[in-house]
Amino acid sequence: MYKIIRKEILNVDVELMEIEAPLVARNALPGNFLIIRVDEDGERIPLTIVEHDLKNVTIIYQKLGYSTKLLSQKEAGDSLFDVVGPLGQASHIRDVKRVLGIAGGVGAAPLYPQLKEYAKRGAKVDLIIGGRTKEHLILLDKYKEFCDTVYCATDDGSSGIKGFVTQVAEIVYQNYKYDLAIAIGPLIMMKNCVILNEKYDIETDVSLNPIMIDGTGMCGNCRVTINGETKFACVDGPDFPAKGIDFDELMARQKYYNHEEDHICKMKLSK
Amino acid sequence: MKRDRTVMPVQEADVRSTNFLEVALGYSLDDAVLEASRCLDCKIPRCVAACPVNIDIPLFIRELKGKDVESAYFTINKANILPAICGRVCPQEKQCEGACIVGIKAKPVSIGALERFVGDYALENKLSSDEIIIENNKKVAIVGSGPAGLACAVSLRRLGYTVDIFEALHEFGGVLKYGIPEFRLPKNVVDEEINKARKLGVNFHKNVIIGKSITIDQLLHEENYKAIFLGSGAGLPSALGLAGENLTGIYYANEFLTRVNLMKANSFPNTPTPVRIGSNVAVIGGGNVAMDAARTAKRLGAKNVFILYRRDMDSLPARLEEVHHAIEEGITFNLLYNPVEFKGRDYKVNRVKCEIMELGEMDDSGRRRPMPTGKYKTFNITSSIISIGQSPNPILKKATPELVVDNRGRIVVDHHQTSIDGVFAGGDVVSGAATVILAMGAGKEAAVAMNEYIESLEID
Ligand SMILES: Cc1cc2nc3c(=O)[nH]c(=O)nc-3n(C[C@H](O)[C@H](O)[C@H](O)COP(=O)(O)OP(=O)(O)OC[C@H]3O[C@@H](n4cnc5c(N)ncnc54)[C@H](O)[C@@H]3O)c2cc1C
Ligand SMILES: Cc1cc2nc3c(=O)[nH]c(=O)nc-3n(C[C@H](O)[C@H](O)[C@H](O)COP(=O)(O)OP(=O)(O)OC[C@H]3O[C@@H](n4cnc5c(N)ncnc54)[C@H](O)[C@@H]3O)c2cc1C
Ligand code: SF4
Ligand code: SF4
Ligand code: FES
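Going line by line, the protein sequences match chains A and B. By our numbering, the letter at position 24 of the first sequence is numbered 24, and the numbering carries on one by one without gaps. By our numbering, the letter at position 421 of the second sequence is numbered 421, and the numbering carries on one by one without gaps.
Simulated from the structure, these hints should not be mistaken for laboratory data. Wrong hints could be hidden among the right ones.
What the hints assert, rightly or not - Below, simulated DMTMM-like cross-link-like pairs (lysine to aspartate or glutamate); rule was C-alpha separation at most 25 Å, straight line:
{"#": "1", "chain 1": "A", "residue 1": "Lys74", "chain 2": "A", "residue 2": "Glu117"}
{"#": "2", "chain 1": "B", "residue 1": "Lys398", "chain 2": "B", "residue 2": "Asp421"}
{"#": "3", "chain 1": "B", "residue 1": "Lys187", "chain 2": "A", "residue 2": "Asp39"}
{"#": "4", "chain 1": "B", "residue 1": "Lys348", "chain 2": "A", "residue 2": "Glu261"}
{"#": "5", "chain 1": "A", "residue 1": "Lys55", "chain 2": "B", "residue 2": "Glu223"}
{"#": "6", "chain 1": "B", "residue 1": "Lys199", "chain 2": "B", "residue 2": "Glu124"}
{"#": "7", "chain 1": "B", "residue 1": "Lys199", "chain 2": "A", "residue 2": "Glu40"}
{"#": "8", "chain 1": "B", "residue 1": "Lys105", "chain 2": "B", "residue 2": "Glu192"}
{"#": "9", "chain 1": "B", "residue 1": "Lys398", "chain 2": "A", "residue 2": "Glu51"}
{"#": "10", "chain 1": "B", "residue 1": "Lys264", "chain 2": "A", "residue 2": "Asp248"}
{"#": "11", "chain 1": "B", "residue 1": "Lys348", "chain 2": "B", "residue 2": "Asp363"}
{"#": "12", "chain 1": "B", "residue 1": "Lys398", "chain 2": "A", "residue 2": "Asp78"}
{"#": "13", "chain 1": "B", "residue 1": "Lys264", "chain 2": "A", "residue 2": "Asp41"}
{"#": "14", "chain 1": "B", "residue 1": "Lys348", "chain 2": "A", "residue 2": "Asp248"}
{"#": "15", "chain 1": "A", "residue 1": "Lys55", "chain 2": "B", "residue 2": "Asp217"}
{"#": "16", "chain 1": "A", "residue 1": "Lys69", "chain 2": "B", "residue 2": "Glu192"}
{"#": "17", "chain 1": "B", "residue 1": "Lys348", "chain 2": "A", "residue 2": "Glu51"}
{"#": "18", "chain 1": "A", "residue 1": "Lys231", "chain 2": "B", "residue 2": "Glu402"}
{"#": "19", "chain 1": "B", "residue 1": "Lys206", "chain 2": "A", "residue 2": "Glu260"}
{"#": "20", "chain 1": "B", "residue 1": "Lys343", "chain 2": "A", "residue 2": "Glu229"}
{"#": "21", "chain 1": "A", "residue 1": "Lys255", "chain 2": "B", "residue 2": "Asp56"}
{"#": "22", "chain 1": "B", "residue 1": "Lys43", "chain 2": "B", "residue 2": "Asp56"}
{"#": "23", "chain 1": "A", "residue 1": "Lys231", "chain 2": "B", "residue 2": "Glu22"}
{"#": "24", "chain 1": "A", "residue 1": "Lys231", "chain 2": "B", "residue 2": "Glu124"}
{"#": "25", "chain 1": "B", "residue 1": "Lys397", "chain 2": "A", "residue 2": "Glu229"}
{"#": "26", "chain 1": "A", "residue 1": "Lys3", "chain 2": "B", "residue 2": "Glu223"}
{"#": "27", "chain 1": "B", "residue 1": "Lys206", "chain 2": "A", "residue 2": "Glu20"}
{"#": "28", "chain 1": "A", "residue 1": "Lys55", "chain 2": "B", "residue 2": "Asp314"}
{"#": "29", "chain 1": "A", "residue 1": "Lys69", "chain 2": "A", "residue 2": "Glu260"}
{"#": "30", "chain 1": "A", "residue 1": "Lys255", "chain 2": "B", "residue 2": "Glu245"}
{"#": "31", "chain 1": "B", "residue 1": "Lys375", "chain 2": "B", "residue 2": "Asp314"}
{"#": "32", "chain 1": "B", "residue 1": "Lys187", "chain 2": "A", "residue 2": "Asp41"}
{"#": "33", "chain 1": "B", "residue 1": "Lys206", "chain 2": "A", "residue 2": "Asp95"}
{"#": "34", "chain 1": "B", "residue 1": "Lys206", "chain 2": "A", "residue 2": "Glu75"}
{"#": "35", "chain 1": "B", "residue 1": "Lys206", "chain 2": "A", "residue 2": "Asp248"}
{"#": "36", "chain 1": "B", "residue 1": "Lys343", "chain 2": "A", "residue 2": "Glu170"}
{"#": "37", "chain 1": "A", "residue 1": "Lys231", "chain 2": "B", "residue 2": "Glu341"}
Unchecked claim - Quick list of the computed label-pair ranges, beta carbon to beta carbon:
{"#": "38", "chain 1": "A", "residue 1": "Thr230", "chain 2": "B", "residue 2": "Thr373", "range": "44 to 50 Å"}
{"#": "39", "chain 1": "A", "residue 1": "Arg121", "chain 2": "B", "residue 2": "Lys78", "range": "35 to 41 Å"}
{"#": "40", "chain 1": "B", "residue 1": "Arg408", "chain 2": "A", "residue 2": "Asp39", "range": "36 to 42 Å"}
All values reported here derive from a predicted model rather than from experimental measurement. For each residue, glycine too, the CB sits at the ideal point set by N, CA and C.
Input sequences plus hints: build the corresponding full structure.
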């Protein structure tokens, strides 16, 4: 059993947990993720390791469907049934001077350890962060510790411009040039960022989140087509250079079980 | 006195194809004694030589004939710690039973069924040999809890070692848990067999991925393990490499079987992991994995489940019993078809195009080689399950560059010793996808090599 040390509510949809998992923490690097099972029959759900020390790991999750809502019912002092990791390749930190992070919604969580690593290695780092409302812009204070400029976009205009991160990027690109952008968020956001960045000739890294089961390269559920080649996001990624990723296929794959997920959520979590 | 083989009762095909309960129901004591009496108790038993772990088959059968099931169990247990499992899943017709002398004129002695009977009896009656283990306080690590890892762990434990098994998944047993379905190998049988290892004092650690959570180097140099056994299996599904292979509705057998066996998707929505296959399922391949996938799909309610295989019926590599059971359950065999392309709409598969094959000359495997004809046929499908083989899981190699593997990712060994000092390997990760009993045999042999290695360290 893996004890929840701390729980923090970041907004109505997003929460943070610090979990005791020394064997996950021991070798964790930026870009790695873990897989948890909340209870005995639980689904295996992948989540990025946002921070860690020698003993504990921090995750930030959005209450999206059945399993993340079930997770949200746990409190500090409770335990999770399974936590395994660190999984995936560590982010490939490139030798660049100027980096733009683009975060959509809870994508700010997986982006955080990577962007921080770039800042630590001396790159000049800016951030565009988008969310539904002001409350949905998570980790702002932590980002401000190392980002030069933080631009915001919200759906309702409660913070920054009213609109999408791509609209902000379009404005920013008029004045600044970046060696690299890292875009993490919903697939559709990443896809649009990549299209925009290609126009401005900015290389982009993304972090993919296909449905996963084992996370060890055994099932093939997490496959993505990149330049016509099949990759397993759990062992080859989850971070990839964006060039050639078939986002449309990946979106279809991610939605394959929507009907079932919807059903179980309504059935088992309605009070 | 010639007696026909004692038939094992099975669930009726139309009943069992709608449930996940075990198909073959096992012998009663009377059945077992009757079948045991068919054994000729050969002086030079060919069956023993054909069993990869050389169980003393005539002896255990003789004990069984005398209704001394307990002694029969201990006889088997000396060579094989998982009789209830091997009795169920060994390809007996190619091993022990294939060599049995009775088989020349009649059906061979049902050695597997007898072994299963003895194994089940031992589990039901909680037989254990009260072994005395003299601790030597030396630590060894086992990577993977499949048959290879389990066999190696038990052998080393019996020699007095402190044995830690590290398993990447949240349950123990490897393919026995996530691959082979419940209706062929009930999971409680696997758990009980594993509990016997636990009782011997083997320590089991789940959710530990060697190479990730802890590296091999850390095990050897920070955690003071004297030697390590790699039994990480062949988990990586082989791809067909066809256009459209990543459309939705196309599964690798590992994903499909893992969803059902490990994650219990057949109980969805009572369990949260779903699986969806629709009514028309094409299973590609002809081995045990393909049979398991097809029969599982049928049980999930698919109306039309068919095998697509590029050779003929005689070339199917699956266990004979599984093929028979699959036919009885209404699985269709579309033979001499080689898939060449998946087609779909909105990223959802709906057709598979196949080239029609014909049989050519014998190839290296002694089967007639399938030859392309240039003619095609397209099948309408709602999903497809690709079951054409597995190769070793790549994580260990990626994390351990100095570990030498061959061009198919299999760890290269010399007497079970890998290219890294103190690190041994066996089972599917060395042989490529093989069988339970071969993996166990390799685990046992590796234990001997590891013991010799550790003892040689002390002489220096
Ligand atoms: C490598 C990796 C890292 C991730 N890191 C984070 C993270 O740090 N924080 C976070 O909140 N989420 C993260 N995710 C996504 C997270 O795993 C899913 O949100 C979660 O599995 C949904 O489970 P559920 O049962 O609550 O929702 P479900 O009911 O299963 O699904 C609800 C919706 O989410 C989509 N979905 C299903 N499975 C996944 C999945 N594996 N990934 C993405 N969407 C999915 C479905 O299409 C559906 O629309 C990550 C995913 C991956 C693969
Ligand atoms: C569907 C299916 C049906 C089969 N049917 C039969 C049959 O009827 N008869 C038969 O004899 N054989 C059958 N086989 C083959 C048989 O199951 C295998 O040959 C056998 O299980 C191999 O044993 P193993 O111990 O080498 O590996 P596995 O059983 O694969 O076990 C390896 C274990 O190691 C774990 N692991 C991998 N990497 C790591 C790591 N880095 N750290 C920690 N743990 C790790 C895995 O999670 C797994 O649990 C079947 C196989 C499949 C897939
Ligand atoms: S272990 Fe397998 S091969 Fe050996 S006797 Fe038993 S069933 Fe036959
Ligand atoms: S070969 Fe057949 S008859 Fe002879 S000992 Fe073995 S099982 Fe008995
Ligand atoms: S999650 Fe199973 S192979 Fe990646």
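Structure-based check of each hint:
A C-alpha spacing of about 31 Å is found between Lys74 (chain A) and Glu117 (chain A), which places the hinted pair above 25 Å, so the restraint is violated. For the hint linking Lys398 (chain B) to Asp421 (chain B), the alpha-carbon distance of about 18 Å falls within 25 Å, and the restraint holds. For the hint linking Lys187 (chain B) to Asp39 (chain A), the alpha-carbon distance of about 19 Å falls within 25 Å, and the restraint holds. Distance check on the hinted pair: Lys348 (chain B) and Glu261 (chain A) sit about 18 Å apart at the alpha-carbon level, within 25 Å; holds.
Pair hint Lys55 (chain A) plus Glu223 (chain B) holds up; C-alpha atoms about 17 Å apart against a cutoff of 25 Å. Taking the CA atoms of Lys199 (chain B) and Glu124 (chain B), the gap is near 16 Å; set against the 25 Å cutoff, the hint holds. A threshold of 25 Å between alpha carbons decides the hint, and for Lys199 (chain B) with Glu40 (chain A) the separation of about 23 Å falls inside it, so the pair holds. Simply put, Lys105 (chain B) and Glu192 (chain B) have alpha-carbon atoms about 38 Å apart, too far for the 25 Å limit, and the pair is violated.
Annotation: proposed proximity of Lys398 (chain B) to Glu51 (chain A) holds, straight-line Cα distance about 24 Å (limit 25 Å). The straight-line distance between the Cα atoms of Lys264 (chain B) and Asp248 (chain A) is roughly 29 Å, outside the 25 Å bound, and the hint therefore fails. Restraint check: the Cα-Cα separation between Lys348 (chain B) and Asp363 (chain B) comes to about 37 Å, which exceeds 25 Å; the hinted pair is violated. Among the hinted pairs, Lys398 (chain B) with Asp78 (chain A) is inconsistent with the structure: their alpha-carbon atoms are about 35 Å apart, more than 25 Å.
Using a Cα cut-off of 25 Å, the hinted pair Lys264 (chain B) and Asp41 (chain A) holds, with the two alpha carbons roughly 8 Å apart. Taking the CA atoms of Lys348 (chain B) and Asp248 (chain A), the gap is near 12 Å; set against the 25 Å cutoff, the hint holds. Distance restraint check for Lys55 (chain A) and Asp217 (chain B): the Cα-Cα separation of roughly 20 Å lies within the 25 Å cut-off, and the hinted pair is therefore satisfied. A C-alpha spacing of about 34 Å is found between Lys69 (chain A) and Glu192 (chain B), which places the hinted pair above 25 Å, so the restraint is violated.
For the proposed pair Lys348 (chain B) and Glu51 (chain A), the alpha carbon gap of about 38 Å is over 25 Å, so the pair is violated. Taking the CA atoms of Lys231 (chain A) and Glu402 (chain B), the gap is about 24 Å. The hint holds against a cut of 25 Å. The suggested pairing of Lys206 (chain B) with Glu260 (chain A) is violated, with an alpha-carbon distance near 29 Å, which exceeds 25 Å. Of the pairs offered as hints, the one joining Lys343 (chain B) and Glu229 (chain A) holds, with about 17 Å between alpha carbons and a cut-off of 25 Å not exceeded.
For the hint linking Lys255 (chain A) to Asp56 (chain B), the alpha-carbon distance of about 54 Å lies beyond 25 Å, and the restraint is violated. With a C-alpha separation of about 12 Å, the suggested pair Lys43 (chain B) and Asp56 (chain B) falls inside the 25 Å cut-off, and the hint holds. A hinted pair counts as satisfied when its Cα atoms are at most 25 Å apart, and Lys231 (chain A) with Glu22 (chain B) does not qualify at roughly 37 Å. For the given pair, Lys231 (chain A) sits about 46 Å from Glu124 (chain B) by alpha-carbon distance, which is inconsistent with the 25 Å threshold.
About 21 Å separates the Cα atoms of Lys397 (chain B) and Glu229 (chain A), which keeps this hinted pair within 25 Å; it holds. Of the supplied pair hints, the one linking Lys3 (chain A) and Glu223 (chain B) holds, its CA atoms being roughly 24 Å apart against a limit of 25 Å. For the proposed pair Lys206 (chain B) and Glu20 (chain A), the alpha carbon gap of about 15 Å is at most 25 Å, so the pair holds. Taken as a hint, the Lys55 (chain A) and Asp314 (chain B) pair is broken in the structure, with Cα atoms around 56 Å apart against an allowance of 25 Å.
For a cut-off of 25 Å, the pair hint linking Lys69 (chain A) to Glu260 (chain A) stands: about 16 Å separates their Cα positions. As the CA atoms of Lys255 (chain A) and Glu245 (chain B) are separated by approximately 17 Å, the hinted pair is consistent with the 25 Å bound. With a C-alpha separation of about 23 Å, the suggested pairing of Lys375 (chain B) with Asp314 (chain B) holds against the 25 Å cut-off. Between the alpha carbons of Lys187 (chain B) and Asp41 (chain A) the distance comes to roughly 15 Å, so the proposed pair stays at or under 25 Å and holds.
Taken as a hint, the Lys206 (chain B) and Asp95 (chain A) pair is broken in the structure, with Cα atoms around 38 Å apart against an allowance of 25 Å. Taking the CA atoms of Lys206 (chain B) and Glu75 (chain A), the gap is about 24 Å. The hint holds against a cut of 25 Å. For the hint pairing Lys206 (chain B) with Asp248 (chain A), the CA-to-CA distance comes to about 36 Å; that exceeds 25 Å, so the pair is violated. A C-alpha spacing of about 38 Å is found between Lys343 (chain B) and Glu170 (chain A), which places the hinted pair above 25 Å, so the restraint is violated.
Restraint check for Lys231 (chain A) and Glu341 (chain B): satisfied, since their Cα atoms lie roughly 19 Å apart, inside the 25 Å limit. Between Thr230 (chain A) and Thr373 (chain B) the beta carbons are some 28 Å apart, a value that contradicts the proposed interval 44 to 50 Å. A hinted range of 35 to 41 Å is violated for the C-beta pair Arg121 (chain A) and Lys78 (chain B), which are about 60 Å apart. A hinted range of 36 to 42 Å holds for the C-beta pair Arg408 (chain B) and Asp39 (chain A), which are about 39 Å apart.
When the structure is compared with the earlier hints, violations turn up for hints 1, 8, 10, 11, 12, 16, 17, 19, 21, 23, 24, 28, 33, 35, 36, 38, 39 and for no others.
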